[in-house]
Each structure stands twice: as structure tokens, then as C-alpha cells.
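A.B. asks: Build the full structure now, drawing on both the sequences and the hints.
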Amino acid sequence: MPKAVVSHNSTRFSGLYRVLIPFSLAPFRLILRVKVREALSAVLIVILTCLVATPTDSFGSSNSEIQKQESELSTIEKNINSISRWLKHALSKRDRLIAELEQSEQNISQLVTQQRRLTAKIEANKSRLNELNNNMEQLERDLDTQRGKLAQQIRIMHAQGEKPALKVLLDIEDMGSASRVLTYLEYINAARLETLKTFRQAQQNLYDTQAAVNNARQQLMQHQKTLDNRIASYQNETQKRERILASLTQELSTSEARLKHLQANRENLEKAIEKAKKKYRARRQSANSGKPFATLRTKLPWPTHGKVTRGYRSHLAGPSLRSNGILVEAPVGTTVSAIHDGQVVFADWIRGFGLMLIIDHGSGFMSLYGQNYSLLKDAGDTVAAGEPIATTGNSGGARESGLYFEIRKNGKPENPTKWLKKQ
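Be aware that the sequence shown starts at 1, since it is given in the UniProt record's numbering, and climbs by one per residue.
Source of the hints: derived by calculation from the structure; they are not laboratory data.
Be aware that a few hints might be false.
What the hints assert, rightly or not - Capping the alpha-carbon separation at 25 Å, the derived lysine-lysine pairs in BS3-like fashion look like this: (1) 421 to 299; (2) 421 to 409; (3) 291 to 412; (4) 299 to 412; (5) 422 to 291.
To be verified - Label pairs and their computed distance ranges (CB to CB): (6) 257 to 99: 22 to 28 Å; (7) 294 to 387: 17 to 23 Å; (8) 226 to 144: 36 to 42 Å; (9) 98 to 348: 25 to 31 Å; (10) 148 to 219: 34 to 40 Å.
All residues carry an ideal CB built from backbone N, CA and C; glycine is no exception.
C.D. replies: In C-alpha cells, the structure reads:
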């Protein structure tokens, strides 16, 4: 909807990209939305100028005046085309940058999560490695003990001269002594076998532990390498984000300069509207039936039934950007009626306002009906008060269904609720 231009100093955006990462994208979307809608307001003023100027020429203007106004109209149309191309490019670039920002935020969030998980795994592997090292130390001590026992057995065998058991038995004449010797030898052999078995088991345990330690080390190194790669990817995403934010900041700066130019054009065009309406007022007065519009303050019927969800001059964004009309909430397809007799001077789609219908009521008064679902009248049609002219909707990208409604006098917005009957 038409709004006053809000001038933002470009220095407000300097360094913005350094602090945007922890926050959502809502501020950037809001700033771009405000600036684009301000540009659209200037376009609407241009259209209103065209609508006012053309009928004036039809009431006997001189040829020189007609040629002059046709030349001005041609210039205005060129400006409208130029603004439309610029808006299309700005909106496309805005959508692309916002999409890249959203994707960058998602990537960074995923990398941070993965980084934390890998850090936890590395800590767990470090704990396991310490445990395995302690086990290795204990096994080394056990192995030293078994080595000592084995060496003792070897010394005993050496002291016996390493005689075979059968030879030892044959050398003993007493059978009782032979039996005791045989039992002793069996005990010695069993002890030797148990010692060797224990030694081999301890040795195998040591080998298994060493293999487990090496495997843990390899896993730790692999996790560390993966973490390094993730960190590098995180840094790349951060740099990408900074580049996107820098580009977006530059776009905002360019938009601000462009909107300042549009603001100056709007002021000039509003003056042109006022001048044209003064010439047109007397000639259009006779074309309206019933009571003059100016005498119907607080007596005009509502264009549609519903609750006013946005009032006149209510804040839209920031302290100085306000609405030039009201928004009446209504389901899609609700009938919209003309508030007074008049002639439809515009019935078409406008970016930011959707399907718009404008009625000229004479004496400098116009009523504007925006974001409609359908238009029931065409430009040039004459309408009577209460006659259906459109149905409500949410065209033009509106968030809620309803009717955007304005009343203008000599091109300047008036508070509609002061003209309409009390509900």
C-alpha cells in the first residue's frame, strides 16, 4: 500500500554482516520489503497522475496543452517502465540473496552439530586409549613375572643335568624311591606346562592389547582429520556468508539512493496531481449524481463488511513509515461495493497492491480498492453508490485476505474512517 518514504542512512548497515549470524533473516527481509513498497508507492502516484491528467485534456484543452501533456505522459510512462524493470531485478536479487543466506545458515548449523559430535568421539577415544595403555603396563608386569618363573624352571632343569625321566628312573634301584621321583617329575612337568601356558596367554593378551591401541590411535587420527575438514568447511561457509551480506548491504545502499530519487519524483507528481485536479474539479462535478462527495463525511457506506485490522496512519515498519489507508479483514470472494457514484479510472494489477480499482468521484475525491480477488468493472465504467465492483482477496502478496481501502482528496490520502459510517 502507498506509504511515505523512509530514509535510512547507509552507515547503519556498515558491519552488519559481523553480527547477523546469531540472528534470523527477518531484519533484512523487513528492510527490503519496506524499500520496495516505497518504490511501489511512487509508481502508484505516477499512475494516479496519468489517470487525472488524461480526462482533463478531454475537456477542451488547447492543442499546445494537449501536446505538452502528451509529452509529459510519454516521459512518465518511460519512467514507469524503468522503475518496473528495476523493481523486478531488485526483487529477484533479494530472493536469491535471502535464499543463499538461509542455505548458509543451515550449512553452518549442521557443521557445528557435526563438530560437537566429532569432539565427543575424540574425547571418548582418548579415554579408551588411556585405559588400554594402563592395561599394557599391567600385562608387561605380568609378562615379566612369567618370564621369571620360566627362567627358574629352566635353572632347575639345568641343575638336574637335563636327564631324561626314563634314565633317571633306571638309575634308581629302590622302587619306592623311583615312585617318588616319578611323582616329582610329573609335578615338575605339569608346573612347567602351566607356566608355559600362562606365559603364552599373557603374551597373546599383550599382542591383542597392542592391536587395540593401534586401532584406537588410527580411529583418533581419522576423527581428527575429519574434524579438521569440517572446521575448514565451516570457515568457508562463514566467508561465503560474509560475501553475501556485503553484496546485500551494497544492494541496500543502492536502493536507498534510488528511493531518494523516487521520493523527489513523487513530490513533483503530487504537485502535478493537485494542479490537474483544480482544473478538473468543476468539469467533473456535474458528472456525479446524488449529493456531492464532500457533503457525505461520516455518511458513506463501507465498501465491504469486516474488521479493520490495520488503521489509517498505523505503523508499518520503523517509526515513520505509516499506512495511507485501512485494511478490512474479509474472506476471499466477499463483495466490494462502490462507496459513492463515480467513474472507474483504473482497473488493473499493480505490484504490491494486487488487483486495484480506482474510482473518481469528482471534486478532487478518489477511492482506491486494493488486493482484490477479482475486478467486476473496467476502466471507463460508471458506477453507482453500493454497486458491486470487486471481490476481496489477497492478491499482490498480501498476508491476509481482505480489502485495502483509501480515500484521496486532490491526490492526498484522507482517513477513510472519518468518511465512512460508524460500524
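A.B. asks: Evaluate each hint against the coordinates.
C.D. replies: Verification of the supplied hints:
1. A hinted pair counts as satisfied when its Cα atoms are at most 25 Å apart, and residue 421 with residue 299 qualifies at roughly 5 Å.
2. A hinted pair counts as satisfied when its Cα atoms are at most 25 Å apart, and residue 421 with residue 409 qualifies at roughly 18 Å.
3. Distance check on the hinted pair: residue 291 and residue 412 sit about 22 Å apart at the alpha-carbon level, within 25 Å; holds.
4. Taking the CA atoms of residue 299 and residue 412, the gap is near 20 Å; set against the 25 Å cutoff, the hint holds.
5. Between residue 422 and residue 291 the CA atoms are separated by roughly 19 Å; this keeps the pair inside 25 Å, and the hint holds.
6. Remark: the range hint 22 to 28 Å for residue 257 to residue 99 is upheld by a beta-carbon distance near 25 Å.
7. For residue 294 paired with residue 387, a C-beta distance near 21 Å keeps the hint of 17 to 23 Å intact.
8. At about 39 Å, the CB distance of residue 226 to residue 144 agrees with the hint of 36 to 42 Å.
9. Between residue 98 and residue 348 the beta carbon distance is about 29 Å. The supplied range of 25 to 31 Å therefore holds.
10. At about 36 Å, the beta-carbon gap between residue 148 and residue 219 stays in the expected band of 34 to 40 Å.
The earlier numbered hints are all upheld by this structure, with none contradicted.
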